[in-house]
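Produce the entire structure from the sequences given, and follow the hints as far as they go.
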Amino acid sequence: MAHAAVSEHHATPTWQGITTVKFAWWLFLASEVMFFAGLIAAYIVLRAGSPDWPIVSEELNVPLVAGNTLILIVSSVTMVQAYAAIEVGDQKKLRNMLLATAALGVIFLSIQGIEWSALLREGVTAQNSLFGASFYTLTGFHGAHVSGGVVGLVFVNLKALRGGYTQAAHEGVELMGLYWHFVDVVWIILFTIIYLI
Amino acid sequence: MTTQAEMTDVAHAPERVAEKSFIRKYVFSTDHKVIGKQFLFSSLFFFVVGGLLALLMRTQLAWPWEEIPVVGSLVYGSSGNILAPEAYPALVTMHGTIMIFFFIIPILSGAFGNFLIPLMIGAKDMAFPRLNLLSYWVMVPAFLVMITGFFVEGGPAAAGWTSYVPLSALPDKIPGSGMGQTLWIISLTLVGSASIMGAINYITTVVMLRAKGMHMFRLPMTVWALFITAILVLMATPVLTSALILIFLDRTIGTHFFSPSGGGQVILWQHLFWFYSHPAVYIMILPAMGMASDIISCFARKPLFGYKPMVFSIMAIAGLGFIVWGHHMFQSGMNPVLGTLFMTSTMMIALPSAIKTFNWLATLWGGQLQLKAPMLNALAFVSTFVIGGLSGVFAAATPVDVFIHDTYWIVGHIHYVLFGGSLFGVFAAIQYWFPKMFGRTMNETWGKVHFVLTFAAFNLVFFPMFILGAYGMPRRIADPYNYNFLAPLQSLNQFMTISAYVLALSQLVLFVNFFYSLFRGQKAVENPWQANTLEWATTSPPPEHNFHTAPMVYRGPYEYSSPEVTEDWLPQSRALDGAGPEKTPTGVAATGAATD
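The listed protein sequences derive, respectively, from chains A and B.
Quick note on our numbering: the first sequence kicks off at -8 and runs consecutively.
Quick note on our numbering: the second sequence kicks off at 8 and runs consecutively.
Keep in mind the hints are simulated off the structure, nothing from the lab.
Fair warning: there could be bad hints in the mix.
What the hints assert, rightly or not - If you want the footprint, here are the derived chain A segments under chain B, 3+ residues with CB under 8 Å:
#1 12 to 20
#2 35 to 46
#3 121 to 134
As the list claims (entries may be wrong) - Chain B residues, not near chain A, derived (Cβ > 12 Å throughout):
#4 THR37
#5 LYS44
#6 GLY103
#7 LEU177
#8 TYR209
#9 THR211
#10 PRO245
#11 ARG482
#12 THR504
Heads up, the beta-carbon is just placed ideally off N, CA and C, and yes, glycines get one too.
Take a look at the structure:
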């Protein structure tokens, strides 16, 4: 097993090629996965045990949100493109792709907001409907995580604009990407269990 | 985030850092040793609070509805110095909550985890010192919020530390169901966040920052245990967070996740809660097991028997610990088939636990036992943990659990593993590492006095609980003698209560010893126990960055009575003739001192 030699040199410790910060970031994401696992498990149990769960296609706008899912997936693609760009030192593409990712994230949140207001106008609240409570809680916490990701993207965008990332040093872009992909994967699961099944 | 690269390179420069202000040095410090001590002192404070709550409970069980002398007027003045009926569930709840979340978990993981991990692996500090600072200062609002519960209308939470719905989800059901319960939820959410931050730090530190030669299988058991515990914390605590959020929403904005009237399910709470809380009990015992292994090996002057099986057993206990949570729910009305699955997995945990117990015994066998205070407490850990574990096997058998669930059998079980196990482990750890932490030694004689009194009183308080439980005395009832068939148990309860007072007073011996030694104890040498692990290869207390030169590790931590040297100990960092960190040392011992 690789050991870390840190006292004599200032080399960043690594383990199997992963830096300390990236290792810790994966641990953080693992804890976040468990958090959503708790909420998702609750949702599954509540829905399976509920005799009068509404027909989802009648309550929710499946095509719109399917499109929104595609938007989030595309934003993950642009994020990958951003990382690929800085890996070869392409600053311009990095900036453009980071901006695209952030923009798509904002669009995703806006369309989620439209879904929420539509459902509220239908009279489905968190108080009068278990379906409503589950929907708002699950998508709400996901949305909060996306919002956090958008805030992170603002910082990453600003740093990229002032040339803070180089071909040699761009770990922040990679970490941002990991978080963004996590948020995307969670959404794919949520979309499947809320809208499709 | 601070990386090692940004820290002062002490190998090439003398301690040239400008003197820090008091606030930066002792209050908002990023030094893991300081943060560890902060956790230590806050935990000890809550130990006292939790203990006093237990004494109030014991007083009620011995002499129900009698006027309580001295304390009665302070706490229950408004109800005639007598325990108010609605106060008993609050006592039960807060005793459990405080002991678990504000004492045992923070002292084992927060205090000892923080203090020991970097030292035992040969690192300067944790991987993320500022995250470490944040994790303590997130605990502080958690403390304040929980304490506030005692002073709000209706009093503190009263739905049990398990906070079962429907009681905990309905704000106006009983006093303590109100603001107190909401504050409880908020406080635990903060505790959980602090724990997760700590877990990320510990896991990263152990994987990334080990000194040269410190392979994973040269780590002391204390570090292995804290490492695996951190993985449990990382993966289990977020599920508690999700449960707390759902019940918070039920209570505040009127969702019905847990109310059948709104389509929700009551047992869902139990599943989510216990999915965390079962691993939590391993979070509370594994660090003590690791420390016991190190202490037993040191004071038996013998290598730990079966080091690798010990490591794998901890992994097995932790892994299995994720699939047994339903054994807390055998009587909940859940599907009996599910119950059978949980019974099976629960019984399996006995196997790695037994391996560990036999290995401790084998370590002791034929050893040159030094019955110093840390060792006595470690031996008490092993023996009482066995009793606690065996009593758990009864509970694991679902048909037996029908009779003993929610009785004092369970209270006896949990206290044998938590007090007998974890707390004796804490007593051992405090006395063992006190010299390293504070640069002074505790008094050995008073340590032995504390041990004898505590061990005797502990057994007198808690062993009868198995009798009470088998007899049928339920938990959490303020006046069990309302039931005629339980009336004969009052005298035994009185005996236990008096023993509890003795147990509580015995802790004064430890506290006085601790605080007196803090200021007037004999100055400690670098390695008062002649132990092998790396924390003993530096000064007592260590300098700011732990080691003047980075240690080099040549061997595992259990080379006591090694044929390679004449002494009965052989430190991990001591170089012998012809030895490099990757080679087995050969030949006659060199007189080189441990790396200094």
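Status of the hints after comparison with the structure:
Here's how the segment 12 to 20 of chain A fares: 5 of its residues keep a CB closer than 8 Å to some CB of chain B, so the rule of at least three is met and the hint holds. Three residues within the 8 Å Cβ limit are the bar, and the segment 35 to 46 of chain A against chain B gives 5, so the coverage statement holds. Only residues whose C-beta sits within less than 8 Å of a C-beta in chain B count toward coverage, and the segment 121 to 134 of chain A has 5 of them, enough to reach three; the restraint holds. Distance check on B:THR37: its Cβ is at least 16 Å (rounded) from any Cβ of chain A, clearing the 12 Å threshold; non-interface status holds.
The non-interface label for B:LYS44 is consistent with chain A: the shortest C-beta to C-beta separation is roughly 24 Å, beyond 12 Å. A cut-off of 12 Å between C-beta atoms confirms that B:GLY103 is not in contact with chain A; the least separation is 22 Å. Remark: the non-interface label on B:LEU177 is consistent with the geometry, its nearest Cβ contact in chain A lying 15 Å away (cut-off 12 Å). A beta-carbon of chain A is positioned within 12 Å of the beta-carbon of B:TYR209; the least distance is around 10 Å.
Against the 12 Å criterion, B:THR211 falls within the reach of chain A, whose nearest CB is about 4 Å from its own CB. Not every Cβ of chain A is farther than 12 Å from the Cβ of B:PRO245; the closest lies at roughly 4 Å, contradicting the non-interface assignment. With a closest Cβ-Cβ approach of about 27 Å to chain A, B:ARG482 is found to remain outside the 12 Å limit, as its non-interface label requires. Every CB of chain A lies more than 12 Å from the CB of B:THR504, the least distance being 40 Å, so the non-interface label holds.
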